[in-house]
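With the sequences and hints as input, model every part of the structure.
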Amino acid sequence: MLKFALKNMAVHRARVVLVALSIVLSACVALLSFNIAQQVNEGIVSTAAYYDLIIGPSGSATQLAMNTLFFTDEPLGTLDYAYVEEIENSGLANAVVPFTMGDSFGSAKIVGTTADFLAGKSLASGEMFSATYEAVVGSAVARQYGLNVGDEIVTSHGLTGTGSEHEAAPLTVTGILQATGTAYDNVVFTHFETVWAVHSQGHADEAGEETHAEGEICAILVKSKSFNDYYRLLDAYGENASLLCINPSTVLREVLEQVDTSSKIVYALCAVVLLMNIVVVSVITLLNMYDAQKEIALMRLIGISMRRIAQLYLIQNGLIGLAGSLLALLCKHLLLGLMGNLVASMGIVLNVWRTYPLEWAIAGAVFALSVLPTMARIFAMARKDGLTA
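To convert, note that position 307 of the sequence shown is 1057 in my numbering; the numbers rise steadily by one, no gaps.
Fair warning: there could be bad hints in the mix.
Unchecked claim - No more than 25 Å apart at the CA atoms, straight line, and that leaves these computed lysine to any residue pairs for SDA-like:
id, residue 1, residue 2
1, K753, D985
2, K973, D985
3, K871, Y800
4, K757, N978
5, K973, N839
6, K871, S854
7, K871, S914
8, K757, L1072
9, K871, G896
10, K1014, I1028
11, K753, P1107
12, K1014, D901
13, K973, N791
14, K871, Q928
Think of the hints as simulated: they come from the structure by calculation, not from any bench.
Here you go:
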């Protein structure tokens, strides 16, 4: 029966391709939308947990959080490094991490900080930076530019990779991070004093003037010792009009609410697409079944039971639905790879091969829906025929 079903599909290959294409397109839209929404949500949640206070220049709370945690957008400005020393000496914090950004290496941004900023991150090779002009690169940066431990990289002024190069102050790669599936994969990390040293070499900006960044940072990430200490720090620095103090979890929760709203809209559109797919597949299947009535009548005439005929068409449409669902999963992975750069601009790195259990359920539902019209039509024909034996 399987062999006969395959031969029948080859005879009607144009219709088979049309049905399969409809299944692939609709299922792929649903799978891709769900996968991206889940990965973006997880990326934001996993990044917001460690620090409970971020201090930066006054401005947008969302921009400050996204810049320091996901390395997107531009810094709000600079503040004096003396604030870091004040907080360290206050005894209210377990971790006080300076953060600065302003240079780039190709498409990768340079983050000046301390080794504490990479706490919990493992190295695939080499060791953590510990001296001036040393750097640790993310896994994607190392892969894109073919970097190994011991290589030297020349950074550029600005975040676009098109500014003047700091040829007199190259950085030596001392370590390469293991892939994290986060924005850390796309960044080069070095000590904040390295950023000062690079700029102290002197370079001309667009107006031809010398610029220096020594003694300035872009933000401070703080892990307080307790809730009381958190509020004491918030009171001490939140009243300063030139500073912005945020709780990253609170800010990113607002971002997630916007993402959730967008996700619901996307899911609604996916439901419409799936509904349209059901209609299209049902119509095409029913047309095929009507066209096959002569074939079915001939098979009934030579003594083939309605049960065997039903098996034939169920196998045929089941194969089409199965192939369409599997191709949709494959296309989803391909599109995740193509969309990686777009989502990376949000500071989220997509795992191309990530598949959630619910995606298999979606693919299974699409498969089932592709077979239901055939079952319904076969049942109707069997009742009309009056014979199922």
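Verification of the supplied hints:
1. K753 to D985: Violated, at roughly 77 Å.
2. K973 to D985: 15 Å, holds
3. K871 to Y800: 13 Å, holds
4. K757 to N978: Cα-Cα ~75 Å, so violated.
5. K973 to N839: 14 Å, holds
6. K871 to S854: 21 Å, holds
7. K871 to S914: Given that 25 Å is the threshold and the Cα spacing comes to 31 Å, the pair is violated.
8. K757 to L1072: Holds. K757 to L1072 sits at ~17 Å (cutoff 25 Å).
9. K871 to G896: 21 Å, holds
10. K1014 to I1028: 21 Å, holds
11. K753 to P1107: 33 Å, violated
12. K1014 to D901: Violated, because 46 Å separates the two Cα atoms, which is more than 25 Å.
13. K973 to N791: The hint holds at about 23 Å.
14. K871 to Q928: Holds, at about 7 Å.
In summary, the structure is inconsistent with hints 1, 4, 7, 11 and 12 from the numbered list given earlier, while agreeing with the others.
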